[in-house]
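Please put together the full structure from these sequences, using the hints given.
Residue numbers (the numbering used here), protein chains in the order written: chain A, 413 to 506; chain B, 413 to 506; chain C, 413 to 506; chain D, 413 to 506; chain E, 413 to 506; chain F, 413 to 506; chain G, 413 to 506.
Any given hint could be a false lead.
What the hints assert, rightly or not - Short derived list, chain E residues pointing at chain A, Cβ under 10 angstroms:
{"no.": "1", "residue": "THR460"}
{"no.": "2", "residue": "LEU494"}
{"no.": "3", "residue": "GLU498"}
Keep in mind the hints are simulated off the structure, nothing from the lab. Here a beta-carbon is modelled for each residue, glycine too, at the ideal position from N, C-alpha and C.
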Amino acid sequence: MLKPLGDRVIIEVVEQEEKTASGIVLPDSAKEKPQEGKVVAVGSGRVTENGEKVALEVKEGETVIYSKFAGTEVKYEGKEYLILRENDILAIVG
Amino acid sequence: MLKPLGDRVIIEVVEQEEKTASGIVLPDSAKEKPQEGKVVAVGSGRVTENGEKVALEVKEGETVIYSKFAGTEVKYEGKEYLILRENDILAIVG
Amino acid sequence: MLKPLGDRVIIEVVEQEEKTASGIVLPDSAKEKPQEGKVVAVGSGRVTENGEKVALEVKEGETVIYSKFAGTEVKYEGKEYLILRENDILAIVG
Amino acid sequence: MLKPLGDRVIIEVVEQEEKTASGIVLPDSAKEKPQEGKVVAVGSGRVTENGEKVALEVKEGETVIYSKFAGTEVKYEGKEYLILRENDILAIVG
Amino acid sequence: MLKPLGDRVIIEVVEQEEKTASGIVLPDSAKEKPQEGKVVAVGSGRVTENGEKVALEVKEGETVIYSKFAGTEVKYEGKEYLILRENDILAIVG
Amino acid sequence: MLKPLGDRVIIEVVEQEEKTASGIVLPDSAKEKPQEGKVVAVGSGRVTENGEKVALEVKEGETVIYSKFAGTEVKYEGKEYLILRENDILAIVG
Amino acid sequence: MLKPLGDRVIIEVVEQEEKTASGIVLPDSAKEKPQEGKVVAVGSGRVTENGEKVALEVKEGETVIYSKFAGTEVKYEGKEYLILRENDILAIVG
Chain A
413 MLKPLGDRVI IEVVEQEEKT ASGIVLPDSA KEKPQEGKVV AVGSGRVTEN GEKVALEVKE
473 GETVIYSKFA GTEVKYEGKE YLILRENDIL AIVG
Chain B
413 MLKPLGDRVI IEVVEQEEKT ASGIVLPDSA KEKPQEGKVV AVGSGRVTEN GEKVALEVKE
473 GETVIYSKFA GTEVKYEGKE YLILRENDIL AIVG
Chain C
413 MLKPLGDRVI IEVVEQEEKT ASGIVLPDSA KEKPQEGKVV AVGSGRVTEN GEKVALEVKE
473 GETVIYSKFA GTEVKYEGKE YLILRENDIL AIVG
Chain D
413 MLKPLGDRVI IEVVEQEEKT ASGIVLPDSA KEKPQEGKVV AVGSGRVTEN GEKVALEVKE
473 GETVIYSKFA GTEVKYEGKE YLILRENDIL AIVG
Chain E
413 MLKPLGDRVI IEVVEQEEKT ASGIVLPDSA KEKPQEGKVV AVGSGRVTEN GEKVALEVKE
473 GETVIYSKFA GTEVKYEGKE YLILRENDIL AIVG
Chain F
413 MLKPLGDRVI IEVVEQEEKT ASGIVLPDSA KEKPQEGKVV AVGSGRVTEN GEKVALEVKE
473 GETVIYSKFA GTEVKYEGKE YLILRENDIL AIVG
Chain G
413 MLKPLGDRVI IEVVEQEEKT ASGIVLPDSA KEKPQEGKVV AVGSGRVTEN GEKVALEVKE
473 GETVIYSKFA GTEVKYEGKE YLILRENDIL AIVG
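Take a look at the structure:
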């Protein structure tokens, strides 16, 4: 398995359809397009200048919306993943 | 429902009319145009370098003015929302 | 009424004349031009990385000089306001 | 009177001559030219991320050398002033 | 041996094949390509503004994915290494 | 006399010769050229975000090497000085 | 002797050969080329925003690899040195 470092998160990409499973329709505008995915692994958190580790807010299994242009793609055992920083995640679909 | 992360806020966009419900008329100038919206969800706050979580100042249900070019658009169950950082909110219409 | 967020301030713009009420004449040079206005509302302050809220130095009712290119214009109940950060205010005319 | 905000200082500009009153001759080189002025008002200081207010080092009445391209010009009751940040002041002529 | 400084890590580069030993297939897209390597040495950590030393999260012997364009190449006793900052490591292949 | 502010230092410029008094020969390369000078005054130090004043490391009377393109020139009572930040001083010639 | 300031280090440059004394062969690629040198003097450390002085990790006499384009060249008593920040040192050859 892949274990992300620091404040990074691994996302299993949800392919864009006209209407996604959770009911989100992504508008086709000139603005930055968000994309939907499922969190499969989270890092142990970022360390502040105070030396404290701050745990991530997202959890494994959650469906999230993230900024389309964020992160790095990687394939692992046949599936496509995205590794991005928690800061690039906009919202949890709860 | 959508749950914004950190210092993010979800806004239900109020369509621009010549004069909005709350009486704000938005000037058509060369400067950055503010826009009006209603807060439908707020994140749990930002974490300072001191490791403290700072709660947001805006609350669900408040009408706010925000910077027009800020945030990311998303449609959810037929309604259009904007996800932006609290820092892009200029004022509360109280 | 409009309530500015964080370290923001709402200014009622004082129209530029050759000589303003408080006696300030603004030079017509190549440099950044300051402008005069009256504070009508102040935010609750900025939060430092230490987690402390720092109150603003300017107060409602004060006349201030601010940087001309700062802030966002908004009209509310027929009057023109400017929402800017306290940091863009140069001095209080006392 | 004008009261500068934060770490700002108000300077009464001393017109450049070939040799100034305090004996400083400013070289005409390609480098950034310093200029001489008299401090007429100082702000209450800057607030650090620790939440502490740090008082300014310069005081009213002192003659200072500052960076020529710094600050904002303003005329008040017929005199020309410059509002700049203490950080743009290079040295006190003592 | 080479001992990296601060938050730096020394990586033994794993040559790219169509499918790597650990099963990762790296997609050939327009996005930033991650690369696989083995950690052979880690620095003693970074020092925060609080004066605390923060140990690295990766350990000697671990296989990691890192950003392709990061770091500095060096050859030592016939082997090619990469010296990069821990921040350029995306995930541990565990 | 001139009293530098904060972390600034006043340097009396030592004219470049092929070999300086202290034996330093400055190479004529494409890289940034260091220059030699004598410290004639030091500021009271910089204030950290913690609110502490940090005294300068260089002292009056020391000969230093500094980055050639740093600082602001000023003439005072016939001598040429350079006002620069301690950070632009590379080393003390001891 | 030269005494570097803050987090600076003085390096005696080791001339590049095809294979250096310590066995490092530096590849001739398009990436940033590291270079080998010997530490001859270290500064007293950097001061964090917390007001603490952090001692350097490298010590006099150590052989180090540093980024080729870092630092400032200086000749002193016939030898060529490089003054750079510890942050530009990649690893110690131990």
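Results for each hint:
A least Cβ separation of about 5 angstroms between THR460/E and chain A falls short of the 10 angstroms threshold, and the interface hint therefore holds. The criterion of a C-beta within 10 angstroms of any C-beta in chain A is not met by LEU494/E, whose closest approach is roughly 16 angstroms, and the hint is violated. A cut of 10 angstroms between beta carbons decides the hint on GLU498/E: the least distance to chain A is about 7 angstroms, and the hint holds.
Figure legend: structure checked against the earlier numbered hints; the only hint not met is number 2.
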